[in-house]
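Peer 1: Residues per chain, in single letters:
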Amino acid sequence: AQTVTQSQPEMSVQEAETVTLSCTYDTSENNYYLFWYKQPPSRQMILVIRQEAYKQQNATENRFSVNFQKAAKSFSLKISDSQLGDTAMYFCAFPFRAYGGSQGNLIFGKGTKLSVKP
Amino acid sequence: DTGVSQDPRHKITKRGQNVTFRCDPISEHNRLYWYRQTLGQGPEFLTYFQNEAQLEKSRLLSDRFSAERPKGSFSTLEIQRTEQGDSAMYLCASSLASFKHRGNTEAFFGQGTRLTVV
Numbered sequence: 001a002q003t004v005t006q007s008q009p010e011m012s013v014q015e016a017e018t019v020t021l022s023c024t025y026d027t028s029e030n031n032y033y034l035f036w037y038k039q040p041p042s043r044q045m046i047l048v049i050r051q052e053a054y055k056q057q058n059a060t061e062n063r064f065s066v067n068f069q070k071a072a073k074s075f076s077l078k079i080s081d082s083q084l085g086d087t088a089m090y091f092c093a094f095p096f097r098a099y100g101g102s103q104g105n106l107i108f109g110k111g112t113k114l115s116v117k118p
Numbered sequence: 119d120t121g122v123s124q125d126p127r128h129k130i131t132k133r134g135q136n137v138t139f140r141c142d143p144i145s146e147h148n149r150l151y152w153y154r155q156t157l158g159q160g161p162e163f164l165t166y167f168q169n170e171a172q173l174e175k176s177r178l179l180s181d182r183f184s185a186e187r188p189k190g191s192f193s194t195l196e197i198q199r200t201e202q203g204d205s206a207m208y209l210c211a212s213s214l215a216s217f218k219h220r221g222n223t224e225a226f227f228g229q230g231t232r233l234t235v236v
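For the protein sequence lines, the chains are S and E, in the order given. Position 35, counted from 1, in the first sequence is what our numbering calls 35; the numbers after and before it change by one each time, with no gaps. In our numbering, each residue's number is its place in the second sequence (first place is 1) plus 118.
It is possible that part of the hints are untrue.
Derived BS3-like pairs (lysine-lysine); straight-line CA-CA distance at most 27 Å [unchecked claim]:
| hint | chain 1 | residue 1 | chain 2 | residue 2 |
| --- | --- | --- | --- | --- |
| 1 | S | K110 | S | K73 |
| 2 | E | K129 | E | K175 |
| 3 | E | K175 | S | K110 |
| 4 | S | K110 | E | K129 |
| 5 | S | K113 | E | K189 |
| 6 | S | K73 | S | K117 |
| 7 | S | K113 | S | K70 |
| 8 | E | K132 | E | K189 |
| 9 | S | K73 | S | K55 |
Just so you have them, the derived chain E footprint on chain S, three or more residues with Cβ under 8 Å [said to hold, decoys possible]:
| hint | segment |
| --- | --- |
| 10 | 12-26 |
| 11 | 39-47 |
| 12 | 82-96 |
Note that these hints are calculated values from the structure, not bench results. Heads up, the beta-carbon is just placed ideally off N, CA and C, and yes, glycines get one too.
Whenever a hint applies, use it, and build me the whole structure from the sequences.
Peer 2: Shown next, in the form of structure tokens:
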């Protein structure tokens, strides 16, 4: 069965510091996307960063970067220079149907609640 | 386009009543997804549409649940004879899937409808 595991239910970090959120997954697919979504309190879920499995280079979006280890099925998110606005639930996800490049049929992990402290 | 819109934002209903939620996707998106999110958990896939066709339903979608997407635009999710276990956030998302041009996008989420069954 395809699964996503986020082993850190809660984490905290001081403002301006760096934090890494971990995610492992299991799939038999070879080409797929991996995602980190952010869900701020009482606000909608937004995409933070996306990685295509066939690309060896790790994705980067401003202060957010990933460490993608395909063989280990590991997909961690690093947030540099943490800001108060980064406080949110973070979900790791990947499509359970990879056909047609589908990016919306997602399995989510249970999430990591990140608190950025001033 | 202001993104994925869901209505209502909150719904309180008595057990046994029927409820209907509406989702308006991003206008050019041909795929629409429904998810359920309970407290402290990641979203769980319920069903999805490509245009007006409902292509997949999760086993979580019991017979009391029905979803439609007439004309491939907005979608409705109806829950009949609500139970307390139906209390959750119901999320809608949309994406563009283009097999021809591989113009696939990630899923964009709405703010959700929070259902409380009393």
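Peer 1: Work down the list of hints and note, for each, if the structure agrees.
Peer 2: Verification of the supplied hints:
Distance hint between K110/S and K73/S is fulfilled; the C-alpha atoms sit about 17 Å from each other, no more than 27 Å. This hinted pair checks out: K129/E and K175/E have alpha carbons roughly 24 Å apart, not beyond 27 Å. For the given pair, K175/E sits about 21 Å from K110/S by alpha-carbon distance, which is consistent with the 27 Å threshold. Our distance criterion of 27 Å between C-alpha atoms is met by K110/S and K129/E, whose separation comes to about 24 Å.
For the suggested pair K113/S and K189/E, the alpha carbons sit about 39 Å apart, so the restraint of at most 27 Å is broken. Restraint check for K73/S and K117/S: not satisfied, since their Cα atoms lie roughly 31 Å apart, outside the 27 Å limit. Restraint check: the Cα-Cα separation between K113/S and K70/S comes to about 25 Å, which is no more than 27 Å; the hinted pair holds. Under the criterion of a C-alpha separation no larger than 27 Å, the hint pairing K132/E with K189/E is inconsistent with the structure, at around 31 Å.
Under the criterion of a C-alpha separation no larger than 27 Å, the hint pairing K73/S with K55/S is consistent with the structure, at around 14 Å. With 0 residues having a beta carbon nearer than 8 Å to a beta carbon of chain E, the segment 12-26 of chain S misses the requirement of three or more and the stated coverage is violated. Restraint check on the segment 39-47 of chain S versus chain E: 5 residues with Cβ-Cβ distances below 8 Å, three needed, restraint holds. Here the segment 82-96 of chain S counts 3 residues with a CB under 8 Å from a CB of chain E, which clears the bar of 3, and the coverage holds.
Hints 5, 6, 8 and 10, counting from the list given before, are not met by this structure.
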